[in-house]
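Undergrad: Sequence:
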Amino acid sequence: MASEPTLWFVVLLLAGLLVSVLLHGWWQKVRRRRKIHRRIRHAQAGEREAEILLRDHGYTIEAVQPPAQYTLYCDDETFEVKLRADLLVVRGGERFVVDVKTGEQAPRLSTAATRRQLLEYGVAYDVDGILLVDIDNNLIRRIRFSL
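Under numbering that gives the first Met the number 0, the first residue of the sequence shown carries the number 0, and numbering increases by one thereafter.
Simulated from the structure, these hints should not be mistaken for laboratory data.
Just to be clear, a hint being listed does not mean it is correct.
DEER-style ranges, computed between Cβ atoms [claimed, not checked]: (1) 32 / 136: 21 to 31 Å; (2) 75 / 146: 19 to 29 Å; (3) 72 / 125: 12 to 22 Å.
Distance condition first, Cα-Cα at most 20 Å in a straight line; then the derived SDA-like pairs of lysine to any residue [what the hints assert, rightly or not]: (4) 34 / 102; (5) 34 / 135; (6) 81 / 65.
Nothing here was measured: the structure is a model prediction, and the numbers come from that model.
Beta carbons: idealized from backbone N, C-alpha and C, even for Gly.
Given these sequences and hints, build the entire structure.
TA: See below:
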C-alpha cells in the first residue's frame with residue numbers, strides 16, 4: 000500500500016496535469032480566436048483600401064456588401080443561394096461586381112476557392128464584368144470566363 004505522502008504526491012501530480020491540459024486547450028482557443036479576428040480586421044481594412052484604389056482608377060462605388068441570390072435546382076429540390084460581394088462599382092457605363100482579396104494565396108487565380116467565388120458572383124450579379132482586387136499588391140484585375 001502507498002504511503003500517505005506518496006499518495007498526495009500522485010494526486011497533486013494528476014491535478015497539475017489536468018490543469019495544464021485544460022490551460023493548454025484554453026490557450027489554443029484564445030490563439031485561434033485572435034488569429035481569426037486579426038484576419039477579419041485585415042480583410043476589412045483591405046476593403047476600405049480597395050474603395051480608395053478603385054476611386055483612384057475612376058470607378059464609382061455603387062454599393063458596399065451588395066446582396067444577391069440565385070436559384071439552384073437539384074432533381075426536385077430548389078435551393079436559394081444568398082451571397083454578398085464586397086462592392087458594386089461603375090466606370091464608363093459598365094457595372095462590375097468586386098471581390099477584394101488580401102493575403103498571399105486568396106488573390107491567386109490558382110486558388111480554386113477564389114475561382115469558384117468569382118464564377119458564382121458572375122452568375123448571381125447582373126453586371127458587365129467581375130473585378131478581383133488584390134489589395135496587398137494594389138492590383139485591379141478584370142476577370143472573364145469563357146462560358
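Undergrad: With reference to the structure, classify each hint as holding or not holding.
TA: Taking the hints in turn, this is what the structure says about them:
no. : hint                 : result
1   : 32 / 136: 21 to 31 Å : holds, 28 Å
2   : 75 / 146: 19 to 29 Å : holds, 26 Å
3   : 72 / 125: 12 to 22 Å : holds, 19 Å
4   : 34 / 102             : holds, 13 Å
5   : 34 / 135             : holds, 18 Å
6   : 81 / 65              : holds, 11 Å
Going through the hint list in order, the structure satisfies each hint without exception.
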